[in-house]
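2 protein chains.
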Amino acid sequence: MYKDFGTVHNACVDGLLTDFYQITMAYAYWKNGKHEQRSVFDAYFRKCPFKGEYCIAGGMNEVVRFLNTFGYSAEQIKYLRTQMPHCDPLFFDYFATVDATDLVVYGMREGEIVFPSQPLLRLEGPLIICQLLETTLLNLLNFPSLITTNAARYRQAATCSRTGEKPILIEMGTRRAQGPDGALSASRYSYLGGFDATSNVKAGHVFGIPIKGTHAHAFVTSFTGLKEITFPENCELGPAFLDEVKAYRKNLGYEHTHDGELAAFISYAAAFPTAMLALVDTYDTLLSGIPNFLCVAMALLDRGFCPVGIRLDSGDLAYLSKEAKRMFARLAESNWTKTPEIKEKVRGFKVCASNDINETTLKSLNEQGHGIDIYGIGTNLVTCQAQPALGMVYKLVELDDKPRMKLSQEITKVSVPSRKTVYRLYNADREPLIDLMQKVTEPKPEVGQRIFCRHLFDETKRCYVTPSYVEELLVKLWDGAACISKEDVCDLAKAREYCSSRLEKFRQDILRPLNPTPYKLAVSNEFFTFFKSLWQEQAPIKELK
Amino acid sequence: MYKDFGTVHNACVDGLLTDFYQITMAYAYWKNGKHEQRSVFDAYFRKCPFKGEYCIAGGMNEVVRFLNTFGYSAEQIKYLRTQMPHCDPLFFDYFATVDATDLVVYGMREGEIVFPSQPLLRLEGPLIICQLLETTLLNLLNFPSLITTNAARYRQAATCSRTGEKPILIEMGTRRAQGPDGALSASRYSYLGGFDATSNVKAGHVFGIPIKGTHAHAFVTSFTGLKEITFPENCELGPAFLDEVKAYRKNLGYEHTHDGELAAFISYAAAFPTAMLALVDTYDTLLSGIPNFLCVAMALLDRGFCPVGIRLDSGDLAYLSKEAKRMFARLAESNWTKTPEIKEKVRGFKVCASNDINETTLKSLNEQGHGIDIYGIGTNLVTCQAQPALGMVYKLVELDDKPRMKLSQEITKVSVPSRKTVYRLYNADREPLIDLMQKVTEPKPEVGQRIFCRHLFDETKRCYVTPSYVEELLVKLWDGAACISKEDVCDLAKAREYCSSRLEKFRQDILRPLNPTPYKLAVSNEFFTFFKSLWQEQAPIKELK
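Protein sequence lines, in the order shown, are assigned to chains A and B.
First residue of the first sequence? That's 6 in our numbering, and the numbers climb one at a time after it.
First residue of the second sequence? That's 6 in our numbering, and the numbers climb one at a time after it.
Careful, some of the hints might be misleading.
As the list claims (entries may be wrong) - Lysine to any residue pairs mimicking SDA-like chemistry, simulated, CA-CA at most 20 Å apart:
| # | chain 1 | residue 1 | chain 2 | residue 2 |
| --- | --- | --- | --- | --- |
| 1 | A | Lys525 | A | Asp484 |
| 2 | A | Lys510 | A | Tyr474 |
| 3 | B | Lys56 | A | Gln390 |
| 4 | A | Lys407 | B | Leu231 |
| 5 | B | Lys407 | A | Lys407 |
| 6 | B | Lys255 | B | Asn360 |
| 7 | A | Lys418 | B | Asn360 |
| 8 | B | Lys481 | B | Tyr503 |
By construction, these hints were calculated from the structure, which means they are not laboratory data.
Keep in mind that this is a model prediction, so the values were computed, not measured.
Bound conformation, chain A alone (with noise of 0.2 Å):
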C-alpha cells in the first residue's frame, strides 16, 4: 500500500480477482518485450441501461482504494506458477514486482450522470499494467454504476409527478441480493442514488447510511394471546398499559381481532415506545392488523408517545393504504382522540409499504394514488431486475502515442482511438446542453466560443454550440499514488449530494423514465476527421464473388 489510503471494502478485490486471459497476455506482452510500452485505455458504456438515457458513475471510489492496493503476493504467484507450468520462471520474478507507481487515472467524479461512448476511466501506464487491471475495474465499476441508476429511477418514480412529494426509501434487499457483496454494493450505491436509509446493518457500519428496521412476521407469530405478555422490567408501560389498551380495544369496536398479533404490538410497544411501527398483515390487515395497531397506539399516545405508524407487505397496497389513511382520519375525527395535537398525531401516522416492489409499481401507484409515506424495496432494486448487468467495456485507445481501434461490423461497436477527455457545455441557465469529446491535445472548449460538434458516427448530425459555461468532466483520480484526499474517496454522504445536485441540472425529459430525450455526446470537427480516416484506413473492404 502507498499510504495510508484504505483498502477495498471486500477482501475477496485483489489482483487475482480477474480473467486468467488477463495473465496470459500479460505473459505474453513480457516475453515479447513489449510489457512496458505507453499505453492508454478507456472504460466506457455503449448503451444506458434500463431503456434510460443518462447512467450514474459508481464504483470510483473503489478503484482508487485497489489501485492503491494492487500487486501480487508470494502466495498468488504460487498459485499462477501452478497454472502456467511452461512458462518461463523470470516472469513470475518480474510479476511480483508488478503495482500501480507507474499509472495516471483519469475519471468521472463518483455520481456523475455519465453518457454512452465517453470513458468513465482513462487509464495511462504500462501495457501490461493496464491489461492486469481490466478485469478487476470494470467489476468494481458495472454494477455501483447499474445499482445508482437503477436507485436514482426509483426515486424519480416514487416522486408524486403532480405534488412533488418524496416519500422515504428504503433499501431493504439483502436476502435477496447476488451474494454478500452485492447486498452490501446494493445498499452503498442505492444511498448514492438517493435512497435514505438501508436495512443492512453492515451497510450501516462500514459505510455510515442510516439503518431503518422493526420487525417481522415471526415476531407476531411468536405470540398466540394476551397471556403471553411479560411486562419486562424497567419498562415504560406496565401491566396497566394492558387494560388501556383493552378498553380502547372494546370502545373501538375491535374486539374480533387476532389476540397473539394484539400481544405481538403490546410487546414490542414495550421494548420500542418510542418507535412503534406494527406490521399488520399477518393475519388479516383490516379486519385484525391495523384494527390492532390502532388499540396500542392510542394507548400509547395517552401515555405520551408518538407512534410511528404500520408496514403492509401483501395485498393491494394502494387500496390498503388508503383505507389505512381512512381508518386513521375516521378515528382522528371521532370523540376517542381527545385534543387537537392527538387528533393531528392519528391523522400523521405513517404508512409504510413493501413486497416486490418495482419501479413500474411505483409508477402505476402514483397513478393509482395511494396513502404510502415510505417504501421499503428489495429484490427488484438490489438485483436490478429489469437489466441486471451494465455492459462496460475497456480498450485499448492508444499504444506509444499512436492511436489503437478495434473494429466491428456494427459502428457503434467500434472502439474510439486516442487519448480524450469530456467536456460539458452549458447554456446561461446552467443547464447541460451537450457533452463535447475531444482529444486531450486540442484546446479547450471556451466560453462564448461558437463550438462545431458532430455525432461520432453520424455526418449528417451537427450543430454549433455556444457554452454559457464550460465544465471538464475527467479529473485526476491517481497519480502513482491517489490523488484525490481520502475524504473525497470515502465520503458516502457527499458523493450522494453530488449526485443529486448533478441530477438536478439536467432537463426532465432526459431524466423521464419513459420514452426519454436521448442527451448528445458531441466530438469536435477535428476529433470527427481524424477518427473517421483511421476507421476507412483499417476497415477491409470485402470482396463480393
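On the provided structure of chain A, position chain B as indicated by the hints.
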C-alpha cells in the same frame, strides 16, 4: 470459532450482514423474556426459478462456515449501541455472548435437487438466535441456489439433443457480475451446476476450479505490423518461424489479412506454443482472423506443436462457427496438410464462442446446427438475467413445541407449520417418484409400504405410492458445532459430482426447460389433516356487510 473448521469465504459475511429489524426484534424478544423460547424455523422457496420445475440447493457449505463464526464483536456492539440509544444497556452485555452453540441445523446436501415448499434448512434453537440468523442465511442460500440452477439449465441447453454431445462450458462473467462476490459466487456455483471451468483466477485459487483463458482484442490491437514481432529469447520459435508463417500465408492465398493481427498471433504463439487459441474477430473473422490463425497454426504443426483453435466473440456464431469448421476441413483435405496425423489435427481445431450467450441462444444454436466446441459464457449466466433473484423465505414454524403459521390471502403463501422432514420415494428403477413431507414425529415411510400421499393445499389431489427405496433428504449439518466433516463442507468437486448424479436420476420431462412436468411434493394424510385444521382454527372469517 468453535474448532478449526474454517470461516466464510467472504470476510464481509458476519453477524451484522443482516436486516436491522432482526436486531430490534432480538431486543424485543430479550426485553419480553422470550429470547430463549425453543423455536423451529424453515428456509424454503415457493416457486422454482426460470419457469422451471426444479432447483438446486447451493450455499449449504457457507451456512456451516458462517455458523462456525457467528457472534458479535465488541466493536460491532459499540456500533449497535449508537443505533439503539434508548435500549436497555444490559441487552448489549447479553448480546456479546450470542453464538450458535445452542443450535441444531438440518439441511439439504450441497447440490441436492429441491422443490417448492420443502425446507432447505431447518433450524432449531433459541428464538433470538434463529431470528438473528435469518437474513444472512437467506443471503448465503438464495444466490448460490439460483446460479447453480441457472448453470445446470445452461448445461442442458448446450447439450445437443440429437447426439447428446456435451460442449465445454466456461464461466467468464467476472467483469459484469453484481460486485466482487457476485463474481466469485457465480464462478463457484456455476461449477457446482455443471460448468467445466472459469476465467476467474481468484475462484481458481480459492475453490480449486480449473481456470481458462487466452487473449483479448487489446492484445491484437497492440500490434500494427509484422515488424513489431520480436521473437523473445529462450523462445522455441526463432525468427525463421515468421518466414514459415509467411510461406503459408502466400501459399494459402491469405496475403490480404491484417498484418497487426498476424503479428499478434505469432507473438502469442511464441509465448504459448503449446496452447495457441486465437481470438479472430478483431478486424474481420472470415477475411482476416481465421486465415491468420491458419497460417500460424500450420507453421506450428510443422514444428510439432498442436494449436487449440479459435475464439469467436461477435457476429453470427452459428454461421461463423460452421464456416470456420468448413475452412478447417478444406485445409485438411488440401495438399498443404501432408500427413494423416496433421490432417486429423487440422480437422480437430476447436471453435470457442462467446458474446452475450444465454439459455435461449444455446437452444437456438443447437436447433440451427453449429460448429462450436467450447462456450465462454458471462453476463447472462452470472447475473441470472432470466430471473435475477430466488425468493427463498424463512418462517417460524414451531415455538415451545407448538406449531406456528403465518396466514395469507393466498393459500400458497401460508407458512407450513411444525418440525418437518422430507423423504424422497423411489421406484424400482431408482427413479424419484415423489417427495413426502411430514412431521419428524411421524414414522418414516417404509420400502414396500403403500403410502397415501396428499397434496399440501389441494384436497382433490391424492395418490398411493409404494416405494422401492426411501431416502431422508435433510441431514444434520450442525449441532452446536459442525456435524459434517470439513472435507464435506469444502470439497466443491465432490459436491459437483453429487449434483450431477442427482440430476441424472430425474425424468427428463421434469428437467426440460420448456413446459416441464412438475415433480410432486406430497404430505402424509396425518400432516394434511393437521395443517388443514390449524389453518381453520387460525384464519379469520370475513363478515361481508
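Going through the numbered hints above, which ones does this structure break? Give me the numbers in ascending order.
Hints 1, 5 and 6 are the ones this structure does not satisfy, whereas the remaining hints hold.
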